[in-house]
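*Asks:* Those sequence lines, one after another, are chains V and S. Taking UniProt numbering, the leading residue of the first sequence gets 1, the next gets one more, and so forth. Taking UniProt numbering, the leading residue of the second sequence gets 1, the next gets one more, and so forth.
If you're looking for bench data, these hints aren't it; they were derived computationally from the structure. Don't take each hint at face value.
[Stated by the list, open to error] Facing chain V, from chain S, some residues (calculated, C-beta under 7 Å):
id: 1; residue: Leu44
id: 2; residue: Trp48
id: 3; residue: Val50
id: 4; residue: Trp87
id: 5; residue: Tyr114
id: 6; residue: Pro121
id: 7; residue: Phe128
id: 8; residue: Leu132
id: 9; residue: Pro133
id: 10; residue: Leu166
id: 11; residue: Phe227
id: 12; residue: Ala268
id: 13; residue: Pro270
For each residue, glycine too, the CB sits at the ideal point set by N, CA and C.
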Amino acid sequence: MAVTRGAAPAAGPDQRSRRSRGRGPGARPGHPFGRTFTRILPLAPAVVLLGLFMAGPVVWSFYGSFTDAALTGAAARESTWVGLDNYTGLFSDPNFPKSVWLTIVFVVASAIVGQNILGLALAMLMRSANRVVRSVVGTLVVTAWVLPEIVAAFAAYAFFHADGTLNNVFGLVGLDGTNWLYDLPMLAVILANVWRGTAFSMMVYSAALTAVPPDVTEAATMDGASGPKRLVYITLPMIRRSISTNFMLTTLQTLSVFTLIYVMTAGGPGTDSSTLPILAYQEAFSFGRVGYGTAIATIMLLIGAVFSVIYIRMLKPEVD
Amino acid sequence: MPVTVTELKSPGARRRWQLTSARRAPARMASNTILILIGLCFLLPLGWLVLASVDPAATLAVRVPGQLSTENFEAVLSADRTFRPLWNSVVLSGGCALITVVVAILAAYPLSRYRMRFNKPFMYGILFGTGLPITAMMVPVYGLFVRLNLLDSMTGTIFFLAATSLPMAVWMTKNFMDSVPVSLEEAAWVDGASSMRALWAVVVPLMRPGIAVVFIFVFIQAWGNFFVPFVLLLSPDKQPAAVSIFTFFGQYGSVAYGQLAAFSLLYAVPVLMLYVLVSRVLGGSFAMGGAVKG
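Based on the provided sequences and hints, a complete structural model is requested.
*Replies:* In structure tokens form, the structure reads like this:
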């Protein structure tokens, strides 16, 4: 492709003459600015959309977090500049550090530990399992992932509810259940997110494991390496790229989980499961403090940006 | 067991494979057992949806219905409760997918065909965009939409959804387009076609399966999106199924769980089927990992 890429013609009124002048890798027709302009014109709709609805809100977020914008009242129409008030307010509000901590717990426990370990375990188990078992279990895991998030959230709500399936199962084996959504809200939403999100890691790791040459593990087996040793010294190092990429992606996805928690616990009881997205939503729309909620959103965007940059850096050698 | 046909043909390899396979028989049993247990854990919440939907006396716990009935489905099959929200979902997701695909094809063309100084920064820039948490954006987006007078507007919501799905769509479309050889367009250029005409007449028809994948992929995401329309669409008659199902769940003191499950299925089954279609096109393993890695 590289051979002809430089020779593609530009759209425009004078393209005919320009094309006749030169084709092939060495062609450098005149008016480079005009040519570049007509070439990049098809990018315009994408740039406008992304600028207006992606970059726009980000810039707006920075600006809005310095105002006292509100949902109702005078500050709803005319917001005033309040400087760092929202941020100083945030850091003196006990709910904010708690929310940051809950977000970290949620991301680490459900994405980095839960989804990745279960996903890798599923991918590995499936390689040595029966074909029917493999496809049935694979379908179930993927279904939880493809399901619209609100439906998955209802299903998880029903499962963990005091009168739900989980307590029924506990009852069957003679154990006392608990009111999961009230007593252990974080555990419930973490398990629900593992249930919903593991399919992604499973698919990434399945693909990665397929790429590991079987000879290597065979040779290790011949040399007497046990299963766990083969995993630690051979398989994991060989798929480390997929592991780091997947850590990053699951982290980014889990950082922005809203619906699952909102439907299951609404951040409660109190603020015991209010991760940052829930806190931002509640401050802005339940308590009407849009500026304050925007400050939380800005901090989340910054966290997301940092992870995003690390992710891109990790990909770089591969993409180039 | 990833053993290819050619490997099996060589006698040595075949013997080795059989040997290891015999040694792994107990391991296979263990794998099957553990997988079945995990599968059961994944099945229970899903099973509730299906069983509750046909159980006229559904509760929150999974149970075999005393009698099968379509009562729940009949109860929710009305214009207000099902058809309008589903139609709104079709409009939102269809509009979003259509805009995304057209814009992504246009953007992918120069990125795929010309070597320009800003190609890489542009691709990395939008990759960066995919990493930003969209839920974090909803509060500022609300503020922006108030200013732009776009609140409660289907069009505004469609365009916002399209913008959020665009980065991924541009990456996927560019990858599909890169696999269409440029040599095929050259004939069109020689015949005097403009690059846009060549794109439309030569490239697009050749990458139809890829475009279908991007369309369905974006459609599924928009269909399942709850938070965006929940914040941006206020009037009940504009809300898609994702939002109407939530109000339906929240408004009535005692929730009719059977009806909720029935409606959930009506809303979820179309996208589950679309997903199966996409994974067929892409071949057994879903190319999600590849799409994300670029």
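*Asks:* Work down the list of hints and note, for each, if the structure agrees.
*Replies:* Each hint tested on the structure:
Checking Leu44 (chain S) against chain V: minimum C-beta separation of about 5 Å stays under 7 Å; hint holds. Restraint check, Trp48 (chain S) versus chain V: the minimum CB separation of about 5 Å is within 7 Å; hint holds. Because the beta carbon of Val50 (chain S) sits about 10 Å from the nearest beta carbon in chain V, more than 7 Å, this interface hint is broken. Hint status for Trp87 (chain S): violated, given a least beta-carbon distance of 16 Å to chain V, over 7 Å.
Checking Tyr114 (chain S) against chain V: minimum C-beta separation of about 5 Å stays under 7 Å; hint holds. Interface restraint check for Pro121 (chain S): the shortest CB-CB distance to chain V comes to about 11 Å, outside 7 Å, so the restraint is violated. Against a cut-off of 7 Å between C-beta atoms, the interface hint on Phe128 (chain S) holds, since the closest Cβ of chain V lies about 5 Å away. At about 5 Å, the closest approach between the beta carbon of Leu132 (chain S) and any beta carbon in chain V falls short of 7 Å, and the interface hint on this residue holds.
Satisfaction of the interface hint for Pro133 (chain S) is found here, the shortest Cβ-Cβ separation to chain V being roughly 3 Å, below the 7 Å cut-off. A least Cβ separation of about 6 Å between Leu166 (chain S) and chain V falls short of the 7 Å threshold, and the interface hint therefore holds. The interface hint given for Phe227 (chain S) is met, as the beta carbon of that residue sits about 5 Å from the closest beta carbon of chain V, less than 7 Å. For Ala268 (chain S), the interface hint holds, since its Cβ comes within 7 Å of a Cβ in chain V; the closest pair sits about 5 Å apart.
For the restraint placing Pro270 (chain S) at the interface with chain V, the shortest Cβ-Cβ distance is roughly 10 Å, beyond the 7 Å limit, so the hint is violated.
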